[in-house]
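Q: Listed below are the residues making up each chain.
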Amino acid sequence: MAGTISTLTHVAGHSRRRSIEDPRWLRWLLIGGALSFVALFLIMPLAVVFTEALRKGWSAYLAAFQEPDARAAIKLTLLVAVIAVPLNMVFGLAAAWAITKFDFRGKTVLTSLIDLPFAVSPVIAGLVYVLLFGAQGWWGPWLMEHDIKIIFAVPGIVLATVFVTFPFVARELIPLMQSQGKNEELAALTLGASGWQTFRRVTLPNIKWGLFYGVILCNARAMGEFGAVSVVSGHVRGLTNTVPLHVEILYNEYNIQASFAVASLLTVLALLTLVLKAFVEWRHQKSVQKADAVETRQFASK
Amino acid sequence: MSIEARNIRKHFGDFTALAGVDLKVESGRLTALLGPSGSGKTTLLRIIAGLEFPDVTDDPNSGRVFFHGKDVSDLPTGRRSVGFVFQHYALFKHMTVFDNVAFGMTVRRRSERPARADIAERVRELLSLMQLDGLERRLPDQLSGGQRQRVALARALAVQPKVLLLDEPFGALDAQVRKDLRRWLRGLHEKLHVTTVFVTHDQEEALELADEVVVMNNARIEQVGDPQEVYDVPASPFVIEFLGNVNRLESGTGKLHVAGKDTLYVRPHDVDIRRDYDGENALPARVLHVFSAGNYGRVTLRRLDTGETFEAEVPRDRLSELKLADGEEVLVVFRHVRLFPKGKFYETDIG
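For the protein sequence lines, the chains are A and B, in the order given.
Residue numbers in the first sequence follow this note's numbering, run continuously in steps of one, and reach 302 at the last position.
Residue numbers in the second sequence follow this note's numbering, run continuously in steps of one, and reach 351 at the last position.
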């Protein structure tokens, strides 16, 4: 459709076009400005990560991952993501479902609470957990008595990550489910479907791409989170270091090449996320366009 | 299966959707809930369906819904044996027409679920009843409005409901499709005889289609009756204004004068225009505009005593006999008027 419109304006003639367009120098200034900004702040850092990582050649690059501490960090990051992402998927779905399909008191409060982790600095989020579960914290003594370690251990890292990544799925789903309304669900119920059947056969297929999109964003953040995790982790090498923390440690030890090598892993994850995101958006667009095309056809046939 | 709703009240916050409504629908009939938007008709339909619940009161006989004498108020919608057609159809977007229609049968418990072949057979049957043959593989997006409407109907009928409820069934369609579908739905009802209630704000639709019309206004039922009855013997000023064209005038002299100033309603086809008349009920009026199309002509007139304008519908041959000219003074006789002094109905024939 956009294509049709641009060809039409093209045909409409040059005289009119010139009068409604900005002067050439302004266009070039704006485009050039935007492009150099992107180059400076996005492309260059990306290039730096990979050139630094490969400065000493492939063998050194791969060696950075052979190190036991690096392996432990990667394992921990994967473990955290494997726990945090499904948890937040379920939480996010439940929250979005509750907010969009039911009316209850305190709904607006819940909606704004979901955004809290975005509004709070991750470092504060980490500190809150230290104050709650740390040795000097509220529940610290009780936890010590029962020999449960949360802060400076894996559970703390998982908790902090869950907190920070909580909004992604819910925020993706709420507007989507709001726009879809609840009539399809009600229709399923009148036809005798149970709540679970309604969810699985009607709701889920309608939100699957939004859910997938929320999950990949959530995953990217879960693997890349630094601030909150840094506060609760205690930086015990080989035990409580995630990949981002490991990158920092290597860098502070002037092991620049290894640091960038490990960092390149996170960069690849980011790029992969972008590709998946683009794919999801493309799929979504396609389904919307298909619907549009059908409608146009119906209008045309009338 | 008959439907009865007893003393249904429903509030949404400060808004009163239903202020104690009683409704009875006889088995096998086609009933219209007719009213302007905000009159509570859709809420009543949804309460019957179990998609909405009436306000809880202390009185155990209040706010209950009965199907065939059995209290279904506490049954969830899926177990009330109702087929509900939503205003915008609410078809499952991601499912084919076939899967949409089969849905109600496939979600049954395994012990009650028909065999796959039987489901397919039943779906085909319904689709051909709905004149949708050959569209099984289409998605809802690939259908026209009228086709979607019929898929929604097929889907609702697939679970063999005892009661069929339709929310503004023709609201989202254009005029021609509306008319066709209306006739077709009437035919379908004659074939199936399922107790059917539909909601509409279109009086023509209600009068043409329904066996019985329930006129609603302001969270209350104004009148219940067959279409002829509500049109001919309206119970309140609201009903007469809502159903069909009507002139609303101050009552005047002579026989039209009933206990002080009051409002008088006269249908345009009950207005007679004359050149000479010596009865006391004649009103002097001025012709403002004459327009004729089809068998009837429309004449716009202004009363000389009060200055109110009103319309008359005059047969074409009478009109050519009269040869009215714009601006001409004539005498007008109201053959049949309705007055509602102090809210009570009063009817009179003149001339």
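These are computed hints drawn from the structure, not numbers from a lab.
Treat the hints with care, as some may be off.
Unchecked claim - Okay, derived cross-link-like pairs now, DSSO-like style, lysine-lysine, Cα gap no bigger than 30 angstroms in a straight line: (1) K182/A x K323/B; (2) K93/B x K182/A; (3) K93/B x K277/A; (4) K162/B x K182/A; (5) K70/B x K93/B; (6) K179/B x K208/A; (7) K107/A x K93/B; (8) K101/A x K191/B; (9) K93/B x K286/A; (10) K179/B x K162/B; (11) K24/B x K70/B.
What the hints assert, rightly or not - Stretch-level coverage of chain B by chain A, calculated; a stretch enters the list once three of its residues show a Cβ under 8 angstroms from a Cβ in chain A: (12) 78–86; (13) 325–339.
For every residue, glycine included, the Cβ atom is placed at its ideal position computed from N, Cα and C.
Q: Would you mind marking each hint as holding or not holding in the structure?
A: Results of checking the hints against the structure:
| no. | hint | result |
| --- | --- | --- |
| 1 | K182/A x K323/B | violated, 60 angstroms |
| 2 | K93/B x K182/A | holds, 13 angstroms |
| 3 | K93/B x K277/A | holds, 23 angstroms |
| 4 | K162/B x K182/A | holds, 24 angstroms |
| 5 | K70/B x K93/B | violated, 35 angstroms |
| 6 | K179/B x K208/A | violated, 39 angstroms |
| 7 | K107/A x K93/B | holds, 28 angstroms |
| 8 | K101/A x K191/B | violated, 37 angstroms |
| 9 | K93/B x K286/A | holds, 15 angstroms |
| 10 | K179/B x K162/B | holds, 26 angstroms |
| 11 | K24/B x K70/B | holds, 13 angstroms |
| 12 | 78–86 | holds (count 6) |
| 13 | 325–339 | violated (count 0) |
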